[in-house]
Amino acid sequence: MITYDDLTARTGRIESLLRDRLGLKHGSLGRRAARAGRRLPRAIRADLCRIGEAVQLSGHPRLRHASEGGEITAACERVEQHLAGIDVRDRRIGAALGLAAVIGFNLLVVAVLFIAVLRWRGLA
1 MITYDDLTAR
11 TGRIESLLRD
21 RLGLKHGSLG
31 RRAARAGRRL
41 PRAIRADLCR
51 IGEAVQLSGH
61 PRLRHASEGG
71 EITAACERVE
81 QHLAGIDVRD
91 RRIGAALGLA
101 AVIGFNLLVV
111 AVLFIAVLRW
121 RGLA
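Taking this note's numbering, the leading residue of the sequence shown gets 1, the next gets one more, and so forth.
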């Protein structure tokens, strides 16, 4: 059985990892999981939602025992392990390279179309 103090400590670590690694600063864990979208695997998003529900239930004295402690602990460990493995620098470099590739391809297409129009009009 996971205690309320343990759960709040774990969610605090998860929230700080979400803030540092993905830039998700506001909202509940379920909302942050939805905002993360494709940056997180489906299983990790489901674990975040499950943890968020457990946090809500743990605040209520009668519903506190409704969540499985072992399942929530395992979900917290999976989420923490995944978020700790995210390299922010690598994500930013990948995004910049992807943007540069898209811009380069678009410029190449425009140049080819421009040359094709010039040849079609007999100017080149």
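Derived from the structure by calculation, the hints contain no laboratory data. A hint or two may mislead.
Cβ-Cβ distance ranges computed for the label pairs, FRET-style [claimed, not checked]:
hint: 1; residue 1: Arg-39; residue 2: Arg-64; range: 45 to 55 Å
hint: 2; residue 1: Pro-41; residue 2: Arg-64; range: 51 to 61 Å
hint: 3; residue 1: Ala-43; residue 2: Arg-19; range: 13 to 23 Å
hint: 4; residue 1: Leu-113; residue 2: Arg-39; range: 28 to 38 Å
hint: 5; residue 1: Glu-53; residue 2: Ile-115; range: 18 to 28 Å
hint: 6; residue 1: Arg-31; residue 2: Arg-91; range: 49 to 59 Å
hint: 7; residue 1: Val-109; residue 2: Asp-20; range: 11 to 21 Å
hint: 8; residue 1: Ala-46; residue 2: Leu-113; range: 38 to 48 Å
hint: 9; residue 1: Glu-53; residue 2: Leu-108; range: 27 to 37 Å
hint: 10; residue 1: Tyr-4; residue 2: Val-109; range: 34 to 44 Å
hint: 11; residue 1: Ala-43; residue 2: Gly-69; range: 12 to 22 Å
Note that beta-carbon positions come from the ideal geometry of N, C-alpha and C, so glycine has one too.
Here is what the structure says about each hint:
1. Arg-39 with Arg-64: 45 to 55 Å: The hinted range 45 to 55 Å is violated for Arg-39 and Arg-64, with Cβ atoms some 32 Å apart.
2. Pro-41 with Arg-64: 51 to 61 Å: Given range 51 to 61 Å: violated, Cβ gap about 29 Å.
3. Ala-43 with Arg-19: 13 to 23 Å: Holds, at about 21 Å.
4. Leu-113 with Arg-39: 28 to 38 Å: 34 Å, holds
5. Glu-53 with Ile-115: 18 to 28 Å: Cβ of Glu-53 to Cβ of Ile-115: about 59 Å, so the range 18 to 28 Å is violated.
6. Arg-31 with Arg-91: 49 to 59 Å: Given about 21 Å between the Cβ atoms, the range is violated.
7. Val-109 with Asp-20: 11 to 21 Å: 38 Å, violated
8. Ala-46 with Leu-113: 38 to 48 Å: 45 Å, holds
9. Glu-53 with Leu-108: 27 to 37 Å: Since Glu-53 and Leu-108 have Cβ atoms about 49 Å apart, the given range 27 to 37 Å is violated.
10. Tyr-4 with Val-109: 34 to 44 Å: 58 Å, violated
11. Ala-43 with Gly-69: 12 to 22 Å: Hint holds: Cβ distance 20 Å, inside 12 to 22 Å.
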